[in-house]
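A.B. asks: Sequence:
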Amino acid sequence: MSDPEPTRITFETVDPTLSLDEQKRLVADSGRRRHLSWGMDFDSRALSLNPEIPDHWEDQVKELHRRNLQSARAGMVAEFGERGIDAKIDNFVAMGVKPFSVLAHHNALFHQVRQAFVIGAYYPALVGACALGERILNHLMLDMRGHFTATPEYKKVYRKDSFDDWRLPIDTLEAWGILLPDAVVEYRALMGLRHRSIHFNPETTNALRDDALAAIIHMRTIIEQQFASHAVRPWFIANTLGHAFIRKDYEDHPYIRAYFLPNCPFVGPLFGMAPGKGGWEFFDLPDYGDGDWTDDEFAAAYNDRDPTLVAGPTG
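In our numbering, the protein residues as written are 9 to 323.
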């Protein structure tokens, strides 16, 4: 008498109390799924507040932009008050968009820095942006160093609980491949602003707005480089349409495990999503079959998917 066929485990039947790593190990079709990069912290209103309307736009587009501008201005008045609203809008537009970002240590604090700049509190915005940069460096160092104990850099940092000399964490995180090259450039520029603003310098008072804006833009770029949920980055599968997915070979990378995977659903190419009472809800097929897909094969299955087959709510 032959042994019975083992029960096929899917994400509908796997024990939900297990860790995600254990679920992925047990589920039969894990090789055909990837982590969807997901982050809903962003603010693109600066684009709607631009009053310029190019002549070559169609009349319908011009009218839509005017309505968007009126709506965005009304929102700014409601949020920041009528007094000095033109200057506040100028400040808001100067900062540019708040980038799409995964949810991490920085989101709420960067929002506060931006709010301070909008209302003209330039020194709090300046030192806040610099302090946030230092805070992120410290978080990265403390979160990552345990994964790099065999490196020569580890012996320089393992006993420290905080780092006020930015050169050490910047150089260390660069050597470990945690900070991307453009983020390193921005951090070194922000370090100069930090020294000039935190330590007494009489010239700081004469350049508060310019320095605060520069610090915010440095921080915005650092966040875009390190925490963007949609971008061309080493850890994202290339050339996917509309959404970004974590590359298979990055799923075990300590930085990705710490900052991306906790908020990234593990989905197949026919996943769907819809707004729900508690935020966005995700839907998926229970089983994508046997075998492992390469990242390129997953991207092709996602890009070429039949919209009529996309998963949705049942019942």
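It should be emphasised that the hints constitute simulated quantities derived from the structure, not laboratory data.
All residues carry an ideal CB built from backbone N, CA and C; glycine is no exception.
Worth double-checking, as some hints may not be accurate.
Claimed, not checked - When the alpha-carbon atoms are kept at most 25 Å apart in a straight line, the in silico DSS-like pairs for lysine-lysine are as follows:
{"no.": "1", "residue 1": "Lys168", "residue 2": "Lys32"}
{"no.": "2", "residue 1": "Lys70", "residue 2": "Lys96"}
{"no.": "3", "residue 1": "Lys106", "residue 2": "Lys96"}
What the hints assert, rightly or not - Quick list of the computed label-pair ranges, beta carbon to beta carbon:
{"no.": "4", "residue 1": "Thr18", "residue 2": "Pro270", "range": "39 to 47 Å"}
{"no.": "5", "residue 1": "Glu60", "residue 2": "Pro273", "range": "37 to 45 Å"}
{"no.": "6", "residue 1": "Arg265", "residue 2": "Val192", "range": "53 to 61 Å"}
{"no.": "7", "residue 1": "Arg91", "residue 2": "Glu305", "range": "26 to 34 Å"}
{"no.": "8", "residue 1": "Arg265", "residue 2": "Asp173", "range": "38 to 46 Å"}
A.B. asks: All hints, please: hold or fail.
C.D. replies: Each hint tested on the structure:
{"no.": "1", "hint": "Lys168 x Lys32", "in the structure": "violated (35 Å)"}
{"no.": "2", "hint": "Lys70 x Lys96", "in the structure": "holds (24 Å)"}
{"no.": "3", "hint": "Lys106 x Lys96", "in the structure": "holds (16 Å)"}
{"no.": "4", "hint": "Thr18 x Pro270: 39 to 47 Å", "in the structure": "violated (22 Å)"}
{"no.": "5", "hint": "Glu60 x Pro273: 37 to 45 Å", "in the structure": "holds (39 Å)"}
{"no.": "6", "hint": "Arg265 x Val192: 53 to 61 Å", "in the structure": "violated (22 Å)"}
{"no.": "7", "hint": "Arg91 x Glu305: 26 to 34 Å", "in the structure": "violated (58 Å)"}
{"no.": "8", "hint": "Arg265 x Asp173: 38 to 46 Å", "in the structure": "violated (28 Å)"}
In summary, the numbered hints that this structure violates are 1, 4, 6, 7, 8.
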